[in-house]
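First residue of the sequence shown: 12, per my numbering; consecutive thereafter.
The set of hints was computed from the structure by calculation and includes no laboratory data.
Each residue gets a CB set at the ideal place from its N, CA and C atoms; glycine is no exception.
Fair warning: there could be bad hints in the mix.
Taking CB as the label site, the calculated pair distances span [what the hints assert, rightly or not]:
| # | residue 1 | residue 2 | range |
| --- | --- | --- | --- |
| 1 | GLU151 | ASP89 | 34 to 40 Å |
| 2 | GLN207 | ARG68 | 39 to 45 Å |
| 3 | GLY114 | ARG179 | 37 to 43 Å |
| 4 | PRO124 | ARG71 | 30 to 36 Å |
| 5 | ALA175 | THR40 | 28 to 34 Å |
| 6 | SER190 | VAL102 | 33 to 39 Å |
| 7 | MET125 | THR188 | 33 to 39 Å |
| 8 | GLY218 | GLY195 | 15 to 21 Å |
| 9 | SER122 | ASP219 | 35 to 41 Å |
| 10 | ALA148 | ILE192 | 20 to 26 Å |
| 11 | MET125 | VAL150 | 20 to 26 Å |
| 12 | ASP100 | ALA175 | 19 to 25 Å |
| 13 | GLY75 | GLY195 | 40 to 46 Å |
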Amino acid sequence: MRVTKYEHACLRIERAEETLLIDPGSFTTPVSDLGNVVGLVITHEHPDHWTPEHLDRILRGAPGTPIFAPAGVARAADGYEITVVAPGDIVEVGGFKLRFFGGEHAIIHSSLPMIDNLGVLVNEKLYYPGDSYAVPAGVEIDTLAAPLGAPWLRIGDAMDFVLAVSPRRAFGTHDMTLSVIGKGMHRQRLQWATEQGSGEFLALEPGDTLDL
Numbered sequence: 012m013r014v015t016k017y018e019h020a021c022l023r024i025e026r027a028e029e030t031l032l033i034d035p036g037s038f039t040t041p042v043s044d045l046g047n048v049v050g051l052v053i054t055h056e057h058p059d060h061w062t063p064e065h066l067d068r069i070l071r072g073a074p075g076t077p078i079f080a081p082a083g084v085a086r087a088a089d090g091y092e093i094t095v096v097a098p099g100d101i102v103e104v105g106g107f108k109l110r111f112f113g114g115e116h117a118i119i120h121s122s123l124p125m126i127d128n129l130g131v132l133v134n135e136k137l138y139y140p141g142d143s144y145a146v147p148a149g150v151e152i153d154t155l156a157a158p159l160g161a162p163w164l165r166i167g168d169a170m171d172f173v174l175a176v177s178p179r180r181a182f183g184t185h186d187m188t189l190s191v192i193g194k195g196m197h198r199q200r201l202q203w204a205t206e207q208g209s210g211e212f213l214a215l216e217p218g219d220t221l222d223l
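Using the sequences provided together with the hints, build the complete structure.
And the structure:
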């Protein structure tokens, strides 16, 4: 598989001339030249993880693309055909096997309602938790897309998450709320956490790719 990081939370995964997209949201520039899109995963309903404009653009190029998301997204994205998934579900679409974990968004503040959130494991190799620290219990993770910055994120908690997952490789995502200096500092912290399990941390910028 080849993973391409886009701005913020969006990932593109390619395998055997098929494409899977995860979380194209409001901080992500329009994703183009997608090739054969066979599926789209939205981890939760916040607009930095999906927008109608992104969905419309993707569906114009690939009509009928299945969209997998928790129930909260199905309610928020009224008018779109959403396949609702939940923690523990396993879905196969094209050459991609998707396993879903977690269930709830990390707490931002007690004044805000809790919403659905799912982490997704792609082909038993790449794990992205969405906006959560959901650890996929009993799974050895090859590559972790680890959140770097968010209103809900404290860097110590993010480090503990990486330590708990102990991936072979990790890279930062969910990073558009950080300054250049802040992103560099948070990468250093997650690099340390990754290396505690003898893993490698990679500093991917938008457009960079990683072969798994």
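Could one say that the CB atoms of ALA148 and ILE192 fall in the range 20 to 26 Å?
Because 35 Å falls outside the window, the suggested range is violated.
Looking only at beta-carbon atoms, does the pair MET125, VAL150 fall within the given range of 20 to 26 Å?
With a Cβ separation near 25 Å, MET125 and VAL150 satisfy 20 to 26 Å, so the hint holds.
Is the gap between the beta carbons of ALA175 and THR40 within 28 to 34 Å?
Roughly 32 Å apart at Cβ, these two residues keep to the hinted range, so it holds.
Cβ distance range 33 to 39 Å for MET125 and THR188, holds or violated
violated (20 Å)
Does the beta carbon distance between PRO124 and ARG71 stay inside 30 to 36 Å, or does it fall outside?
holds (33 Å)
Given the hint of 19 to 25 Å, is the C-beta distance from ASP100 to ALA175 inside that range or not?
Holds, since ASP100 and ALA175 (Cβ atoms, about 22 Å apart) stay within the stated range.
Between GLU151 and ASP89, does the C-beta distance stay in 34 to 40 Å?
For GLU151 and ASP89 the Cβ distance comes to about 39 Å; the hint holds.
Taking the CB of GLY218 and the CB of GLY195, does the distance hold inside 15 to 21 Å?
Holds - the Cβ-Cβ distance for GLY218 and GLY195, about 18 Å, lies within 15 to 21 Å.
Given a hinted range of 35 to 41 Å, is it respected by the beta-carbon distance of SER122 and ASP219?
holds (37 Å)
Pairwise beta carbon distance, GLN207 to ARG68, judged against the given window 39 to 45 Å
With Cβ atoms ~41 Å apart, the hint holds.
Cβ distance range 37 to 43 Å for GLY114 and ARG179, holds or violated:
Check failed, 26 Å falls outside 37 to 43 Å.
CB-CB spacing for VAL102 and SER190 relative to the 33 to 39 Å hint:
About 37 Å separates the Cβ atoms of SER190 and VAL102, which means 33 to 39 Å holds.
Violated hints, in rising order: 3, 7, 10; the structure is consistent with all others.
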